[in-house]
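A.B. asks: If you want the building blocks of each chain, they are given just below.
Protein chains: 2
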Amino acid sequence: MATIYEVAKLAGVSPATVSRVFNGVAVSDEKVAAVRDAARQLKFTPNRTARTLRKQESEVIALVIPDIENPYFTELARGVEDVAQKAGYSVVLCNTDSQLEKEATYLQIAISEHMAGVILAAASDTTNLDDIQAAGRPVVAVDRGTGYDIDGVVMANRTAGQAATEHLVRAGYRRIACITGPQLIETAYERAQGWRAVVARQFPDVDPDELLRYSTFRVDGGREVMEELLALPEPPDAVVAGNNLLGVGAIQVLTEHGLTPPKLGVAVVGSLPFTTLSPSAVTLVRLPARHMGVTAAKMLLERIAGDDQPARTVVLRGELQPARAAG
Amino acid sequence: MATIYEVAKLAGVSPATVSRVFNGVAVSDEKVAAVRDAARQLKFTPNRTARTLRKQESEVIALVIPDIENPYFTELARGVEDVAQKAGYSVVLCNTDSQLEKEATYLQIAISEHMAGVILAAASDTTNLDDIQAAGRPVVAVDRGTGYDIDGVVMANRTAGQAATEHLVRAGYRRIACITGPQLIETAYERAQGWRAVVARQFPDVDPDELLRYSTFRVDGGREVMEELLALPEPPDAVVAGNNLLGVGAIQVLTEHGLTPPKLGVAVVGSLPFTTLSPSAVTLVRLPARHMGVTAAKMLLERIAGDDQPARTVVLRGELQPARAAG
DNA sequence: ACTCTATGCGAAATCGATTTCATGATCAAC
DNA sequence: GTTGATCATGAAATCGATTTCGCATAGAGT
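The listed protein sequences derive, respectively, from chains B and L. Heads up: the first sequence runs through residues 918 to 1244, numbered per the numbering used here. Heads up: the second sequence runs through residues 918 to 1244, numbered per the numbering used here.
Keep in mind that a hint or two might mislead.
Any copy will do: because identical chains look the same in the list, a pair fits if it lies in one copy or spans two.
What the hints assert, rightly or not - Pairs of lysine-lysine residues, derived as DSS-like cross-links and limited to a Cα-Cα distance of at most 25 Å, are as follows:
hint	residue 1	residue 2
1	K972	K960
2	K1003	K1019
3	K1019	K960
4	K1180	K926
5	K1215	K960
6	K926	K1003
7	K972	K1180
8	K1180	K1215
Everything labelled a hint here was simulated from the structure, so no lab data went into it.
Please build the complete structure, drawing on both the sequences and the hints.
C.D. replies: Shown next as structure tokens:
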């Protein structure tokens, strides 16, 4: 690859002038022409590494997420990418598998690669952001909080859990279970709290804890606890799934048991983009994951540009999509 | 962030020695201790940008794919990530949306950021790799060829299409359609060719072109052409879907029409990780996407390490998973 | 005892861009 | 016509690591 020096020599100017041409600083028309010409001839592309080293900032943002195989997060990623790309930034997608150690590694890399900023769906609320804050890199939290006072975009989880449950109540179900993710993950906990509030009000004689299951936010987790629920002496007649993958797992198990929804009512907090049930027999509270990504990316870009207003938290609401009777 | 100079000063050695300590070059025990001590005190992390500039190579590899929202590619990404991460590399995930222009931009970035190599699922077979080859960066093709003589990992697409179709024949279906991706994408074309071979042999009186539909590799594409097929004067009694998303779209439409498989036979080339049909009424030819990622990453790492044997192509076979009778 | 090699280590060059600083030219104002 | 401001431009410093080069010391070989 040609360097700025070679371009300078061919154009008969100094390297400084070449740099100025490419950065929009005032240069006489004739030199601009000469430089552009030389650059074209040599197929010059500025070396981003050198530029980053000198400017102490790169046009790369890190998106750190716990599970790249979850469509919820890829949809989020998609939103981030669209905004970033338009602004001339590229996105490094970092998959942590919910492991704090992997997450810490990626955050270190973000620092030592001088990345412009980080969008983080934290593996846990004990994630340590001291170093990256000390490095002055902006961080925007998505989906979950971080324990730091930083910008964030989250879903209205409690409301979503509530809406899902209420809809099942309206549909006539009387014994509504809930399966959700790890208790330590706030999204899992809050959605369950939404469910709990409705159940406690509507069915005061039911012991909520019997019908509540914490699991992983994965398909196999959903399968496992759904089996447990069905094996109860008095099984539920409906279930609220705390995220998309749990929903998939639960529905799989139900189908295996001949309890295809709506025989047993199912409401999912999240979307099922690849479901083959259609028109859906399942109630969804669709979460605007892509919109979350877009919002977070915009906020991050503002911070990168130097905005230092107090930290903001944006809360996005899910949208109830009621089950239609199966066709 | 502390620099190597500050560490050197605190440890009472030269910056060169600090560098040597961190790169495993011979240094006396006492100086090693002093340097490590100083580094710990200052929380020193080497600046990767400076290192990349000097070494002309970074520990980052680019994974360029056409659709990050397709679980097939995220599974692939997962395989790449696992291998890369273990080898100390991080992965930049670049989503091209099958647009040559976006793809070209990302390839330029890979060059100008001195990335160690690229794993590429090309947007089209006209992708231009001249620049990146001139830059001496290794490229491994995945899923699809590139028109260049480089390492690659592909699926046995024709065989997969054939296996899917043959299974439908064995299951008694007589009028088997095929929906696949854009004709210009070799995976789409080859899978259709597999289908065509079987149909031509088994049902010589059928005009294959009437039952073959090229579309996009997306859910809406599958929906659209499935509707078309059902509207035929003489509709098919089974269909082969050329990838996972087409399969999802097709099954959605079938469900809407009350033709839930196996009423109308469905075989999909690919996996349906988030399907809610279970035990599946759908025949799958599962493609080892993750394995493809692992293989490609290993090949790339070998090239990065300097291996210059002739280009290799690895072909992976799908695995037939017959539909079980619905429970 | 006298080379000869090996080894540890610091000084300085290097990677390729950006940016500061100094210089000379141009032009307006009084 | 002198002063001052503005502007284009080049030389050189800078970002922070790695690496070459050369020197000094230590140990091996004859």
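A.B. asks: Could you tell me which of the hints above the structure violates, numbers in ascending order?
C.D. replies: 4, 5, 6, 7, 8
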